[in-house]
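Line by line, the protein sequences give chains A and B. Per this note's numbering, residue 1 is the first one in the first sequence, and the count goes up by one each step. Per this note's numbering, residue 197 is the first one in the second sequence, and the count goes up by one each step.
The set of hints was computed from the structure by calculation and includes no laboratory data. Warning: the hint list may mix true and false statements.
Here's a subset of chain A near chain B, in silico, CB distances under 10 Å, partners left out [what the hints assert, rightly or not]:
hint, residue
1, E92
2, P97
3, K133
Positions of the beta carbon are idealized from the N, C-alpha and C atoms, including for glycine.
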Amino acid sequence: MTKTGLPTHCFKPLVDAQLEQVWQWRNSARVRQNMHNVEPISWQQHLSWFAGLQNDPCRKFFILWQNERAIGVLNFSKLDTPRPEWGCYLGETDVWPGSGIILELAALDYVCANPLFSHLDAQVLSFNMAANKLHKVFEYEQLMAQQAGQRNEQDFAILHYSYPLKQWSQKRDKILAKLPKNIALVAATIQFAEEE
Amino acid sequence: MKVNLEQQIRQAMQQVAELSDCQLIEPIEANTLLLECGLDSLAYAMLVAQLEEELGFDPFTELAIDTYPSTFAEFLANYQKCADIQ
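Chain A extracted, bound-state conformation (with noise of 0.2 Å):
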C-alpha cells in the first residue's frame, strides 16, 4: 500500500475558539504534572494570561492541527532575544503516533527561520523522562540541572537545555535519519501560520 493516509500539520496562533480547550488541556492530570505549576488554572486566569499573551510580542502560542484538528500546544517566549524558550504538550490523546516528535522538530524549524535567534532553551522537569529523552536524541546540550523540590515525595530538578541553531541547520537530516522514516515524510509538510 501507498503512504496516502499520512497526516497534515499545521500551526496556527492561538484564537478565542480554542481558548475553553487548550483550559481544559491544561487543567488535565497528565498536562499538569509535568508542569512547573501543577495547580489547577482557574478559567479568570486562563483569560487573563490570555490577554496577556495577545498584548506581549515576545511570547508565541500555537495549537497545532492534526488533519485539521486541534491536538497540542507549541509555545515560545523570551522571543525578544537571541535565546527564545521554548515548552510542548499533547492535548488529545488520539493522536498520530510520533506527534510528539512532531512538536520538536517544529519548535527548532520555527526559530532556525529567523537568523536574529542563535540557540533555542528550554527546561524540562527530570521526572519528564519522555521529553528528555527527546532532547537527548535531538542532541540538545544539558547546560545545568537545577534543584527545584519535591513532588510526590521525590525530589526533583528543572533541567536546562540548549540548543545551538547553527548546529540544527547542519544535524537536521542526520537527526530525521534516526527517526521511524514516517517522521521525515511528515516533518516536509509542516506548516506555520503566523496569523489566523
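Fit chain B to the supplied structure of chain A, relying on the hints for placement.
Just chain B now, with coordinates in the frame of chain A:
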C-alpha cells in the same frame, strides 16, 4: 504455531520498550491509554515502524483514519482493519 495479531503487537511493544529504555505498565488492558502505557512518543513511533516491518503495513499512513487510536483496543482494531483489507 501462527502468532495472532494481538500477541504480535504485545510482543512488539515489549521489544520496543526494551530497546528504547521504556517501562511498560502491567497489565496493558483494552482501555489502557497508549500515551500512558509506558511508551513515549518516540517509542510509539518506533512500535509502528517495527510492526510495519513485521506485518508489511502501517494503518496510520495507509488508511484514511478519522480519529487515531487512544487506547490499546483501538490500536489493535486499526491493525485488524488494515490486515483484513491486505
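Hints, one by one, checked against the model:
1. E92: Where the cut-off is 10 Å and the nearest Cβ of chain B is about 8 Å from A:E92, the hint holds.
2. P97: 4 Å, holds
3. K133: 6 Å, holds
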